[in-house]
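Protein sequence lines, in the order shown, are assigned to chains A and B.
Under the working numbering, the residues of the first sequence are numbered 1 to 409, in order.
Under the working numbering, the residues of the second sequence are numbered 1 to 188, in order.
Careful: at least some of the hints might be erroneous.
Derived DSS-like pairs (lysine-lysine); straight-line CA-CA distance at most 30 Å [what the hints assert, rightly or not]:
hint, chain 1, residue 1, chain 2, residue 2
1, B, Lys184, B, Lys66
2, A, Lys331, A, Lys153
3, B, Lys66, A, Lys331
4, B, Lys184, A, Lys283
5, B, Lys184, B, Lys65
6, A, Lys331, A, Lys283
7, A, Lys331, A, Lys349
8, A, Lys349, A, Lys283
9, A, Lys349, B, Lys167
Bear in mind the hints are in silico, worked out from the structure with no lab data behind them.
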Amino acid sequence: MQSVTTVVIGAGHSGLAASRLLAEQAIDHVVLERGEVATSWRTQRWDSLRLLTPNWMNQLPGLSYDGPDPDGFLTAPEVVELVSGYAALSPVLTGTTVTSVQPDGVGFRVATDGGAWSARTVVVAAGLTRGVVPPVASALPGGITSLHAIDYKRPDQLPEGGVLVVGASSSGVQIAEELQASGRPVTLATGEHVRLPRRYRDRDILGWMDTVGILGERWDEVDDLVRARSLPSLQLIGGDRTIDLNSLQDQGVRLAGRLGGIQGDVLQLAGSLPNVCTLADLKLNRLLATIDAFAGGTGERSEPTRVPDAPLTLDLRSGEIRSVVWATGIKPDLSWLDVPTYDASGRVKHDGGVSPWPGLYFLGLPVLRRRRSTYLAGAAADAIDIVAELRGHLARRATERWSVAQRSA
Amino acid sequence: MTETTATIDNGVNVEALLGARGAITEDPAFGQFTWRATNSWVNGTHSRGEVERFYGFSDEQAHSKKFTFDADHPLQFAAEDHGATPVEIVLVALGGCLTGGVASIAQQRGIQLRSVTATIEADHDLRGILGADPDVPNRFSAVRVDYTIDADASPEDVQALVAQSQKRSAVFDLLTNPTAVTVKVASI
Chain A
1 MQSVTTVVIG AGHSGLAASR LLAEQAIDHV VLERGEVATS WRTQRWDSLR LLTPNWMNQL
61 PGLSYDGPDP DGFLTAPEVV ELVSGYAALS PVLTGTTVTS VQPDGVGFRV ATDGGAWSAR
121 TVVVAAGLTR GVVPPVASAL PGGITSLHAI DYKRPDQLPE GGVLVVGASS SGVQIAEELQ
181 ASGRPVTLAT GEHVRLPRRY RDRDILGWMD TVGILGERWD EVDDLVRARS LPSLQLIGGD
241 RTIDLNSLQD QGVRLAGRLG GIQGDVLQLA GSLPNVCTLA DLKLNRLLAT IDAFAGGTGE
301 RSEPTRVPDA PLTLDLRSGE IRSVVWATGI KPDLSWLDVP TYDASGRVKH DGGVSPWPGL
361 YFLGLPVLRR RRSTYLAGAA ADAIDIVAEL RGHLARRATE RWSVAQRSA
Chain B
1 MTETTATIDN GVNVEALLGA RGAITEDPAF GQFTWRATNS WVNGTHSRGE VERFYGFSDE
61 QAHSKKFTFD ADHPLQFAAE DHGATPVEIV LVALGGCLTG GVASIAQQRG IQLRSVTATI
121 EADHDLRGIL GADPDVPNRF SAVRVDYTID ADASPEDVQA LVAQSQKRSA VFDLLTNPTA
181 VTVKVASI
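Okay, chain B solo, but in the shape it has when bound:
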């Protein structure tokens, strides 16, 4: 088992992750993070999000560079389509979170991955957000994720990877459980 673990490489530094887990167990404050994004209206339904700084490991932190995300709506909505819709960005986040988890757990379990692809779909009844029917919620009615994975492992072990990834996924938890959200506004 140890030999297998040493020879597989999914590009995940499991030792660092386990080290962080150990440090956070000893000192929970070390594991208190605050993630941040900014958002600025551009025009129409087009806005730009930026991500650069965050707080964690008991200090201010920063990415190696600033990342920007354009959000807009497609031409079919009479918008200019400068970016994905916010709901599609949620699907991107879910896929990113689950796949990152699959890679990390595979590394920890000594499973070599060759390819991992996923299709993420959400069903959405727009009568909710357009106010056409008060009984229809704004949110998705269902989300489906379909993984295709080529790995040195049995089908059961691959299924267990994906199940464990869901269990440890922040975005999966965010989508499947309620979160308290407060929105404040300042006029200038």
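Chain A extracted, bound-state conformation:
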């Protein structure tokens, strides 16, 4: 069994940011990666996807954007290129899948398909690699093609004909737009969602949210952290244009309520569409008012969401829906983490990325230490904080061992 001070699990932007900082602090470590560097950016993104954050925001420790297009948005292959270049200085073991992490004496035993490691500390930066579907998905009749957004690449994966896209998150609205443009009539099942204009008062909305302090809001200052961590992703697309329920309706997408049930061949759609649209419009206007209060003056308000007379049922026997895309969220896959630190709802416990189990840390989870944590652009600040926590833990442990040695002597 090899021994190391810190095992970092995952060679994505978060794990590599941690690695860069660990190296700076001369903390010996290894980064274990199941595939290649930036695996999920290679395998779990659709072809047309661009980052939601503009280039100037995407800083990593020791890496700032100095290219010609600070307001541009990277494609997934460009992110792979960026992260791969960044990985060059890190001790990454690719093709090494972690099969279990167990507490072990002074630290952890990390088992992989390429041998085991003993580590005093573990940083889990394994990403959000598991697509989740609502329980109702299991009732979908056979014969309907069903795909999670995490496995979606391009429209021709789906048969011709109508598509139900479930979820009006960032991925849901983007995929709905692309499928509609491909000639497949889209119905978008819409629950709670977060509406944003891409630009406001001649500036990128995420730039504003950064300036007024929203993206930097700390996890321990957020009103309702559980809610903040489970919010659907922002209705944004990487680029200069706005995508929202109005623009989708302009392109012919049919809106419906949240998918509430499936009885036999009938999809049941909730009658709560007017309220989820009202909630999103009110929330949007509160955000714009916050920006106005900061900047002075008043910007242009978006047109309220147009709420159509939406269908409450869709009969699959009519043939109008041939496939379903589940844009219903992605979560971490921590099935290999054998450390008893789960809450009553099965979510892994952590306080700003610091596990109650000493020596265990997390990176790259939504609103981990700040709202920005959800984005690549949050990795730098989070990694700095977490590596500082980890270093403090090692120092405390060293002091304890010293005291024990003194007493023994």
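Starting from the structure of chain A, add chain B where the hints point.
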């Protein structure tokens, strides 16, 4: 903000609600409730519902007294009109749920309410329940709720109260989403 919260009073004990939420988050079993009503036929379309006991907070519970609800149909249906129709009782439940939510959320947000009134209407095509047209469902075709609220808050904040109340409402969810219902019968 804290001062505002301390001086407003909508008669809602928000601390107790937040305490219950905290306890349920720690121990989900604590939050598993079973609501119960009984129903007995009286005569004609008249029946009487009673509500007294329920299960929750990991124990049997009871209201402070028994509540009774007569359900019947109006004279226009050649019935004796001993009570509201069951569908009207559903509207009463929706209004009760949403208004209770408005008061609770207003308290939590530090908004003093002076008056809250609502009109709840449902459109209903009776061809469904009378079997006159198999394509018409039994249920309402639409439900409308109109609130008039006098409160120390901006129109946007009042609108947000009502929107949040819908989001957290059990009866709103029951009406807008499907629920699995099983009905058993015993002969004696």
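Status of the hints after comparison with the structure:
The suggested pairing of B/Lys184 with B/Lys66 holds, with an alpha-carbon distance near 25 Å, which does not exceed 30 Å. Straight-line distance between C-alpha atoms of A/Lys331 and A/Lys153 comes to about 19 Å, which keeps the hinted pair within the 30 Å bound. Distance hint between B/Lys66 and A/Lys331 is unfulfilled; the C-alpha atoms sit about 46 Å from each other, more than 30 Å. The suggested pairing of B/Lys184 with A/Lys283 is violated, with an alpha-carbon distance near 45 Å, which exceeds 30 Å.
Taking the CA atoms of B/Lys184 and B/Lys65, the gap is about 28 Å. The hint holds against a cut of 30 Å. Straight-line distance between C-alpha atoms of A/Lys331 and A/Lys283 comes to about 25 Å, which keeps the hinted pair within the 30 Å bound. A distance of roughly 14 Å separates the Cα atoms of A/Lys331 and A/Lys349; the hinted pair therefore holds under the 30 Å criterion. With a CA separation close to 29 Å, the supplied pair A/Lys349 and A/Lys283 stays within the 30 Å bound.
Only pairs whose Cα atoms come within 30 Å are accepted, and A/Lys349 paired with B/Lys167 is accepted, the gap being roughly 27 Å.
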